[in-house]
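Asker: For reference, the chains in residue letters:
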Amino acid sequence: MSFADEPTIKTPERPAGAEGNFYTPHPEAIGPGMNQRIQRLRKLSVETQESLSIERALITTKFYKENYGKYSEPMMRALNFLEICKQKTIYIGDDELIVAERGPVPKSVPTFPELTCHSVEDFHVLNTRDQQQYTISQEDIDTYEREVIPYWQGRTMRERIFSHVPNEWKRAYEAGVFTEFMEQRAPGHTALDGKIYRKGMLDFKKEIKDHINRLDFLNDPEATEKLEELKAMDVSCDAAIVFAERHAELAKGLAKTESDPKRVAELNRIAEVCRRVPANAPRNLWEAIQMYWFVHLGTVTELNGWDAMNPGHFDQHLTPFYEKELAEGTLTRDEAKELISCFWIKVNNHPAPPKVGITARESGTFNDFTNINIGGVKPDGTDGVSEVSYMMLEVIEELHILQPGNSVHIAKVTPDAFLQAAGKLIRQGHGYPSVFNPDVYIQEMVNQGKTLQDASEGGCSGCIEVGAFGKEAYLLTGYLNVPKVLEIILNNGIDPVTGKVAGIETGDPRSFKSFEELYEAFLKQLNFVVDQKIRVSNYIDQMFAKYAPAPFLSVVIEDCISKGKDYYNGGPRYNTNYIQCTGLATVTDSLSVLKKHVFEDKTFAMETILDAVAKNFEGEEVLRQRILNRTPFFGNDDEYADTIAVQVYNDLLAAIEGKPNTKGECFHLNMLSTTCHVYFGLVLGATPNGRFAGKSISDGTSPSHGCDTHGPTNVIRSLGKLDQSKSGGTLLNLRFVPSLLKRDKDVEKLGHLIRSYFSLGGHHIQFNIVDTATLLAAQACPEDYKDLLVRMAGYSDYFNDMNADLQQEVIDRTQNEVL
Amino acid sequence: MSIETFLTTHYSNLITQMKSLLFDIKRYAINDGPGIRITLFMKGCPLSCKWCHNPESQSPDVQKLYTESKCIGAQECIKMCPEDALTLTPKGIVTDYQACTLCGICADVCPTKAIEMSGRTYEIDELMQIIERERVHIEQSNGGVTFSGGEPLMNAEFLMQMLDACGERKLHRTVDTCGFADTDTLLEVAKRTELFLFDLKLMDEAKHKKWTGVSNKLILKNLRLLAESGANINIRVPLIRNVNADHNTLSEMAEFIAALPGKKPVVNLLPYHNIAAGKYNKLGSEYNAMNMDEPSEEEQNRAIAIFEKFGIEAEIGG
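Protein chains in written order, with this note's numbering: chain D, 1 to 819; chain H, 1 to 318.
Note that these hints are calculated values from the structure, not bench results.
One should not assume that every hint holds.
[As the list claims (entries may be wrong)] The calculated SDA-like cross-link candidates involving lysine to any residue, where the alpha carbons are at most 25 Å apart (straight line), are:
1) H/Lys26 x D/Leu44
2) D/Lys695 x D/Gln808
3) H/Lys70 x D/Thr772
4) H/Lys26 x D/Gln808
5) D/Lys721 x H/Ala258
6) D/Lys742 x H/Leu260
7) D/Lys742 x H/Lys282
8) D/Lys615 x H/Lys282
9) D/Lys262 x D/Lys615
10) D/Lys596 x H/Met117
11) D/Lys742 x H/Met117
12) H/Lys282 x D/Thr772
[Stated by the list, open to error] Quick look at which bits of chain D chain H covers, simulated, 3 or more residues with Cβ under 8 Å:
13) 315 to 325
14) 620 to 627
15) 753 to 764
This structure is a prediction, so every number in the text was calculated from the model and none was measured.
Idealized CB from N, CA, C, for every residue including glycine.
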């Protein structure tokens, strides 16, 4: 069969009335359910090339040059933020209802030289690489080289961090044993609760003033420090108001020259909204969405925290405004949906800030991980689904854009109708929404010491990590390459890929008498690695607390004002650090091979498998096939393999859980991988489970590719054996071919599968609805598949935007094809 | 040691359970009855339909399957075969079935599972344990257990005991049958079955004989009596161009179904597909597609319309 001859070409955009849509299209709607305004805005957003703006860097550099040393660090940050809000180019596009951009125009992203400073070479790579290209003019590069780079040399956060890490850490880091999140971006993963819909910046300013007045300089030795932080918060509130007022002015100005009376009215309304929020609490849906958007932009302008920013349970926040206005007759459903669509496109206008020191291979994604939580439970534990939730699913289906990410939250109290609507959206094969289980993640948060109500208001912020929205700083500190730990003990402390020392010596594995002895060595190495990781993480946290506070973010996160402390300095009610462990199945399957074939059945000697692995199984295909076909692997409801997985999981917990962080709280385990399993695979030699060197390791808590041979119900049973409520999140990818979801009753059965996984304690599940032929055709003929969105371990991306390794990874995933 | 333990240990053959040969167990079966199901495929069938998608289901004995594309030429099978029945040829491993005793050693030693034995004997207890593992999915979806094949009624005694065991555990039971079975036995099975998936292929007896190897007299009689007994029935019709997709055949079929006593059965039309061709190669036999062909979408819709004309609900897929 030839795929290239007759590729199945899928058109992701279906007409509004086509089968598969779960919503009833508007009779006057054109195209896939969108009105003309939304179609034009979407077109602009999708077709505009991503670019870099040096404006923020220039303002920041000038401000730092002139003022560094004159103010406390928090005030420096706040005044710098104010300068940006006063000076940056602002934009109101034709057709827009929700306004303001992070850069000067849509799809333009600023740089953050105070954290990491791009080199001229970085810009050239970004400008010319095939994937995730960000354009920048030569003139801007020259300006950057002249004005920005010299000042920041030796002063960036990244340099501060790397100049102080111990050698053991550096060795492990360079070997790819772990990554470090905070070397490129500020700690983030923040989502908001409902407070910004009840209070405006003026209300926050009052609170801040109150707390300044209450400072006791005699009895509280930290009072001055708190004063500086609170003053900085106060300035940040002003900055946000100034930023909004500039937009009000611009809208007024545009209204004067606009000839279309309908647009004049809209521009006047925009001006009114921007005068109202964020200074005051919003009164209606339009203001509520614009309120969030200004706060969002404030936080991502102040710093470039990981996972952009996130409104949290946006449907729940907007529902009261929608219902009130609908009852009053001041808003129709279509108008509400239009505003929500405008917001969605705004988020899509904001690509992630590109990394520094990048190569094309490492290049990640334009996705900045804003994940809208839909459905789920309210803070009181009751069903959170409303008409707005369904409207958001419609918007997602109609717009079909990369950002924002979205997830549906299916608790026991969630109605089947909502699950069915979400299932029909999953069936479209765009790779979203992912599905979360509030019943389990609330338990996870309560286990960590949060109150039930704070936990119930929480959810997922970016990929699969969950937190108490609006009240927690939960920092992902980096991924840990668990199979690499095994590789290092199989080589007695050496990284065989580089030949360099990467850990501690744990003995020659050929001398191990039992599996227990081998496992003991694994645990010893694991603990060593975790200790290194935590040591440096705590150091980085302190550096951020000291040199890169985030006063504006601190305003909107609960308890920062009352404590007088920054978001990065223990200000939030909860302060959590995570280490994300990757490759559970790869390490489980490898251990299963060693346990069964070397120590129990004695099919082959340790020497034999170590030699085979060392030469990447070259000339050892018979041995490799025997391993692949004759070993119990994780994901098949097989007790032998699953017992090992549970043990490894529990030992990861034991190694990480409860280790203190700098804020009097502690580290927790997370099982998220995003795309890091691909990078970790690249730096890993062949593994005993028959995996070739360089191939990606297993993602999240999913089974190894192609090793789950007993269908989805068995995968779910295997995953159900891990006590997922003890970690801060697990991730399960299941790939379904479209034929499994053809009819509505198939979608119902998918819903049952989800519910049975959740009844076994599953945290998260997501589906890739694609067939191999489509993917191969997409690789062969990329231009015909520009719309092919696939879900990759926690987020969605365009298949064509992925590098070859990631594409191969998607193709390799097991197909749960039922003929 | 108690007497029971003694007996179980030393005379287990005296108290052995009923056994049956299965060629597959499918989980997340979503086309074999309501909800999410586990489907047990029993080996052996009295019919030999030319289009059979599971040719390994027809023989009631263990068979050897060979997948050439999986073979890497390790030749472990040749080395280990006690009968020297295997040779490596340009077409891969070839078995001399005169010498082969189907002992299965070649399959055991094959590193890639290029050689596999189709058919494994299961006892009732073991199967019930396997079924129980699916309970969470079954309960969540109001699913159950489906007995398919082959023809599950070929081993009716075993089937009945399995149905009883499932009944005791309140599991929904579906039996997928070709209807070519002893009538009394079928009606006994019906007392233990919540839903039948009853295959109907052709109405003309001569054609039925030509395409399936047997007459359809007994099948039609059984279907009528089963309907009369009040059983829940979904009728499954493989829709094959040049075999039964024509207007006359389908009208005759619809007319027959419409005249059945009891509850109106739903008709599931299963469009023919030649995906099974590869499986015939694995068995070392040739797939003869004759002039069978996939029905077009138009033909499928026309078929639905024919049934609907007779007041019968019909849909594509099971």
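Asker: Against the structure, test the hints numbered earlier, and report the numbers of the ones violated in rising order.
Answerer: 1, 4, 5, 6, 7, 8, 9, 11 and 13
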